[in-house]
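Using the sequences and the hints given, assemble the complete structure.
Each chain, letter by letter, is given below.
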Amino acid sequence: MAEIVILDGVRTPFVKAGTAAKGLTAQELGRQVLVSLFRKVPVPPAEVDEVILGCVAQPIDATNVARVAAINAGLPLSIPAYTVQRNCSSSMQAVSNAIQMIESGRAEVVVAGGTESLSNAPLIYNPEFTEFFNRLSKAKTLPQRLAVFASFRLGMLNPRIGILEGLTDPTCGMIMGQTAELLARELGITRIQQDDFALASHRKAATAVSRGRFGREIAPLYAPPGFEAIEADNGIRDEATARPLGDLHPVFDRHHGTVTAGNSSQITDGAAALIITTRDRAAAWGIKPLARIVGDAYAGLEPRRMGLGPVVSTAKLLARTGRRMSDFGVVEINEAFAAQVLACLRFFDSDRLSSDRLGLPKAPGPVNPAMLNVNGGAIALGHPVGSTGARLLLTLAHELKERNVESGLATLCVGGGQGAAFALERTAWTQ
Amino acid sequence: MTRTRIELNGRVAHLILDDPGAKVNTLGAELLAELAGVLGALATDPAVGAVVIRSGKSTGFIAGADLNELGAIAVAPDARERGLAAARLGQALMNTIEDFPKPVVAAVNGACLGGGLELALACHGRAVSSDPSTKLGLPELRFGIVPGFGGTRRLPQLIGLMRGLEGILSSRSWSGRQALKLGLADDYCFPEQLPEVAEALAAKLGDAALHREVLAARRKTLPAWMRLLHLPGLRHLLAMRVRAEVMKKTHGRYPAPLRVIRLVIGHWGGSRDRWLAAEAGALGDTVSTRVAQNLIRLFFLGKDAAKQAGTIPGAAVETVGLVGTGLMGSGIAVALADHAGVRVPLKGTSAKKLGPVLRKVWDYEAKRIKRRQIERVSGLKRFQLLSPGTDYGGFRNAGVVIEAVQESLELKRRIYVELEAILPAAAVIATNTSSLSIDDLATGMAHPERLVGMHFFMPAEVMPLVEVIPGSRSSPEAVAAVVRLALAMDKTPVVVKDTPGFLVNRVLVAYALEAARMVGEGVPASRVDGAATAFGFPMGPVRLVAEVGVDVMREVVRHLQAAYGDRLPAPAWIGREDLARAFTKGRDGKWAVNGDVIAGWTGKPDPGTTSAEIEQRLFAALLDESRRCLLEGVVASAGLLDLAMVYGTGFPPDRGGPIREGESRAPGVGGPAPDSGTS
Chain S
1 MAEIVILDGV RTPFVKAGTA AKGLTAQELG RQVLVSLFRK VPVPPAEVDE VILGCVAQPI
61 DATNVARVAA INAGLPLSIP AYTVQRNCSS SMQAVSNAIQ MIESGRAEVV VAGGTESLSN
121 APLIYNPEFT EFFNRLSKAK TLPQRLAVFA SFRLGMLNPR IGILEGLTDP TCGMIMGQTA
181 ELLARELGIT RIQQDDFALA SHRKAATAVS RGRFGREIAP LYAPPGFEAI EADNGIRDEA
241 TARPLGDLHP VFDRHHGTVT AGNSSQITDG AAALIITTRD RAAAWGIKPL ARIVGDAYAG
301 LEPRRMGLGP VVSTAKLLAR TGRRMSDFGV VEINEAFAAQ VLACLRFFDS DRLSSDRLGL
361 PKAPGPVNPA MLNVNGGAIA LGHPVGSTGA RLLLTLAHEL KERNVESGLA TLCVGGGQGA
421 AFALERTAWT Q
Chain R
1 MTRTRIELNG RVAHLILDDP GAKVNTLGAE LLAELAGVLG ALATDPAVGA VVIRSGKSTG
61 FIAGADLNEL GAIAVAPDAR ERGLAAARLG QALMNTIEDF PKPVVAAVNG ACLGGGLELA
121 LACHGRAVSS DPSTKLGLPE LRFGIVPGFG GTRRLPQLIG LMRGLEGILS SRSWSGRQAL
181 KLGLADDYCF PEQLPEVAEA LAAKLGDAAL HREVLAARRK TLPAWMRLLH LPGLRHLLAM
241 RVRAEVMKKT HGRYPAPLRV IRLVIGHWGG SRDRWLAAEA GALGDTVSTR VAQNLIRLFF
301 LGKDAAKQAG TIPGAAVETV GLVGTGLMGS GIAVALADHA GVRVPLKGTS AKKLGPVLRK
361 VWDYEAKRIK RRQIERVSGL KRFQLLSPGT DYGGFRNAGV VIEAVQESLE LKRRIYVELE
421 AILPAAAVIA TNTSSLSIDD LATGMAHPER LVGMHFFMPA EVMPLVEVIP GSRSSPEAVA
481 AVVRLALAMD KTPVVVKDTP GFLVNRVLVA YALEAARMVG EGVPASRVDG AATAFGFPMG
541 PVRLVAEVGV DVMREVVRHL QAAYGDRLPA PAWIGREDLA RAFTKGRDGK WAVNGDVIAG
601 WTGKPDPGTT SAEIEQRLFA ALLDESRRCL LEGVVASAGL LDLAMVYGTG FPPDRGGPIR
661 EGESRAPGVG GPAPDSGTS
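Order-wise, the sequence lines are chains S and R.
For the first sequence, the working numbering assigns the number 1 to the initial residue and increments by one for each residue that follows.
For the second sequence, the working numbering assigns the number 1 to the initial residue and increments by one for each residue that follows.
These are calculated hints, taken from the structure and not from any lab test.
Each hint should be verified, as a subset may be incorrect.
Stated by the list, open to error - Simulated pairs of lysine to any residue, SDA-like, Cα-Cα distance not exceeding 20 Å:
{"no.": "1", "chain 1": "R", "residue 1": "Lys360", "chain 2": "S", "residue 2": "Glu228"}
{"no.": "2", "chain 1": "R", "residue 1": "Lys352", "chain 2": "S", "residue 2": "Leu123"}
{"no.": "3", "chain 1": "S", "residue 1": "Lys22", "chain 2": "R", "residue 2": "Ala366"}
{"no.": "4", "chain 1": "S", "residue 1": "Lys16", "chain 2": "S", "residue 2": "Leu123"}
To be verified - Pulled a few chain R residues facing chain S out of the computed Cβ check, cut under 10 Å:
{"no.": "5", "residue": "Ser350"}
{"no.": "6", "residue": "Ala351"}
{"no.": "7", "residue": "Gly355"}
{"no.": "8", "residue": "Pro356"}
{"no.": "9", "residue": "Val357"}
{"no.": "10", "residue": "Val361"}
{"no.": "11", "residue": "Lys381"}
{"no.": "12", "residue": "Gln384"}
{"no.": "13", "residue": "Gly393"}
{"no.": "14", "residue": "Asn397"}
{"no.": "15", "residue": "Glu547"}
{"no.": "16", "residue": "Val548"}
{"no.": "17", "residue": "Gly549"}
We put the CB at the ideal spot given by N, CA and C, even for glycine.
Shown next, in the form of structure tokens:
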């Protein structure tokens, strides 16, 4: 079977929602990242077979956001494009689809990635107000209209907040942060442990920035109205502003909770795109790929404990690829919540937890904390949900080379009770 | 019968205009005669109940009068009589259509301008298409003449006095949709539906009751307050205001707009015959003026400029790389994205410098969207042609790269080395320079034949002129590619020799230095600038120094003095370190000249030079340097020189250009007379 590679990739800076990139829609973020990708990688756009982008909060004015981004980026109209949605693993799913297309001979070169503008997540009229409008449009005579107007109540103006409802799991009724609270309670993960983890994430990210580590991944964004360049992630806190994490109030359990805005991932805008192809095709272009894709796996579990998704998906990945945790020199576990990552670490290292609570034959194996999220994670960088998976793969691929290690793991938890995991590898013919 | 054909559909005769010998239909004498004959036959043909006039060409309805005929009339010794006769001929046909016993409908798709619109106006109804190429208007004033086929009467009668007058005076055109809103069109449809819709309109016009409906719908398009302006007193008030506006813009140097106002106001509500007779007289009068001759000549010179690409074939350029993010770079980016429609990979030294270029392009497109000149989608598309970056990514497919970095020989040469490393062999490099020699710049290039000068004028998104400068090693293919690119950007290219200052800056500096010398002699700066604006320049030479930029000007002067030595002496005050004090920037962004400050520097009393003397000296300096350029072969012809000065410096178009103006003045004005006349 063909060896499948990440040829190269690029991401936008990850920008806190409501700040510098709020003027950019998901389709525009996607356009800019695709433009940057083809400026960076000397692959003729015409040789691309498919464009697949993940997006969770899909814009209502660009229903197939991947197609809109691809056309606006100037890619040939003959290249088809589609959008995938598997919540936080949407852009990993885009890469998985690329792998499947290539393995089945349906494509040879696929652009896979994700785009997300949480700044532009919509507010929606509540059903009462929608009903009010319906009645108003049906009222023909003046008395009828007055009667409709008389039925107006201020409460009708309460909007449904798209982002809050989007982050709530309808099958268990819990908002994502509450699933993290559940894990923290069950495993006795303290507020201090979570805050320390968050602080470390910021520190690692700040160090990475100071040595220019992200320069290889990031291409600037230009956002209206001023089109000032956004060149770096803007969610990373320095020592002075990171320390007061302890002062923040818990958000999801206001009384005795431990999960705060400070030890959760940030709500962020951003996009990432990778070129997925075969080793042979890369060789034909004379380009050394970033990394080889060893395998991918998705697994499901209880939605209430979705934060443990990395454990079940990694177990599946190991079984499928025949690797062991100890093979991975670098590990990226998406930091949806500090509590959730800390919970995963316990499960990874405990056969008892993994088998009793998740029904796994044994635990995947311990994660060396020094090898985990070495450049910080979503707590510091942010979590543009539809783009995060591709960002993890890009960061991991670069880190393999950076640390001169042979293989690495990227995994994340997915709202709705799922996990996704990828193994990447460096060989003699990759970068 | 060669220019028209008839297709009968039931009782409707489709009179199809399709001149087999031309790409577009124009309304020349032969077509007029042919139409008169055809219509005469249709009028009496019992099988024909109605007529639809439409075009058999995809390029438009009728693009206007035959400009070759018009140009020949304008320069004929009996221009007035011939103009009058031509107007009479056209008017007779239009009257035939207007008085036609059966309904006549114009089905308009594409350009319907000048005589074309006058024909459509004479029809009993008009159906127009939604195609973006559909444009209706009377642009005659651009050529210094009045509409002469009844347009001064029928347009304002149809769409109202104010809007009609504004339409003629501005030479604007309307889209199909706008035409419908104005009442200029009675129906509006997709181009594919046009023949059918026109037939339906003709059927309506043939039915008394439905005909009244059409007329009522037309009347509704004119707001009541505009109808008020048709009353005698208000009409004349409107005329005064419009006249004052025209005078402010043209200082009375263009007779045609004033004639239009007089015609429309004076004959409003009067008889058709008298109005049309006066209109024909006005066409005869205006076409025989020097203004009309000059404007028509400039139009044809613009066509000559397009021919400078010659017959050298070249691949269509889809990607034009742009290096440089300064004022010039961003202006060029606008022109590329907005007009040329090519992909523009853009390279700057940092992301911070790239942002403002994107902003400038987006702001430009946003303004066009807001003014409804373009759809939002197409504005976005144009903006999205740009891809910014700090490396040469995206340049790999470029057919041409425009380099517009600062004027540094070393920097530019370094960029060419970088570019040659990644560009395909056939790619051309165009350098935007105003002072460096192309041959110097090409030194060290692996392929010096691919380098050509492409000198834009500030602001590059507005100024129509581009000087194209072949170096001694530039290949003809590269020069042709740059000329073609300039044309694609809607610019007027003029090929000039690789000599210091090239053409326009050299002539302009000679003129500006003469102004500076006069100021040095004590003549108030305001009087010098006043004489130049009275001559017709958009601004005086002293203020021009501030607009161009004191530092830039100093650099250009220094450069030209080094090349031309004593022939271009500069007075002391212009070399002052604190020269910038002579100018103040106003709130509107325009510069004002501080005459007192300059007078304080020169310390000379006002010698009392008259405005006529000032104008004479300024023009003599300009003409002298122009003639030298012509003699030295800096530019191929007097015509192209004139064109370059009009489009590059704002030399008054009605005067036709320095050489042309020089001919009309007493001999002996300015330097050596060239033996070549105007082209």
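Here is what the structure says about each hint:
1. R:Lys360 / S:Glu228: holds, 12 Å
2. R:Lys352 / S:Leu123: Judged against 20 Å, a Cα distance of about 33 Å means the pair is violated.
3. S:Lys22 / R:Ala366: It holds: about 19 Å lies between the C-alpha atoms, which stays within 20 Å.
4. S:Lys16 / S:Leu123: holds, 18 Å
5. Ser350: It holds, given that the least Cβ distance between Ser350 of chain R and chain S is near 8 Å, below 10 Å.
6. Ala351: With a closest approach of 3 Å, the Ala351 of chain R hint holds.
7. Gly355: holds, 4 Å
8. Pro356: Constraint on Pro356 of chain R satisfied, holds at 7 Å.
9. Val357: At 8 Å from the nearest chain S Cβ, Val357 of chain R passes the 10 Å test, so the hint holds.
10. Val361: Hint holds; Val361 of chain R Cβ to chain S Cβ min 9 Å, cut 10 Å.
11. Lys381: holds, 8 Å
12. Gln384: Holds, about 5 Å.
13. Gly393: holds, 3 Å
14. Asn397: Status holds, d = 8 Å.
15. Glu547: violated, 26 Å
16. Val548: Hint on Val548 of chain R: violated, closest Cβ of chain S at ~27 Å, above 10 Å.
17. Gly549: Hint on Gly549 of chain R: violated, closest Cβ of chain S at ~24 Å, above 10 Å.
Violated hints, in rising order: 2, 15, 16, 17; the structure is consistent with all others.
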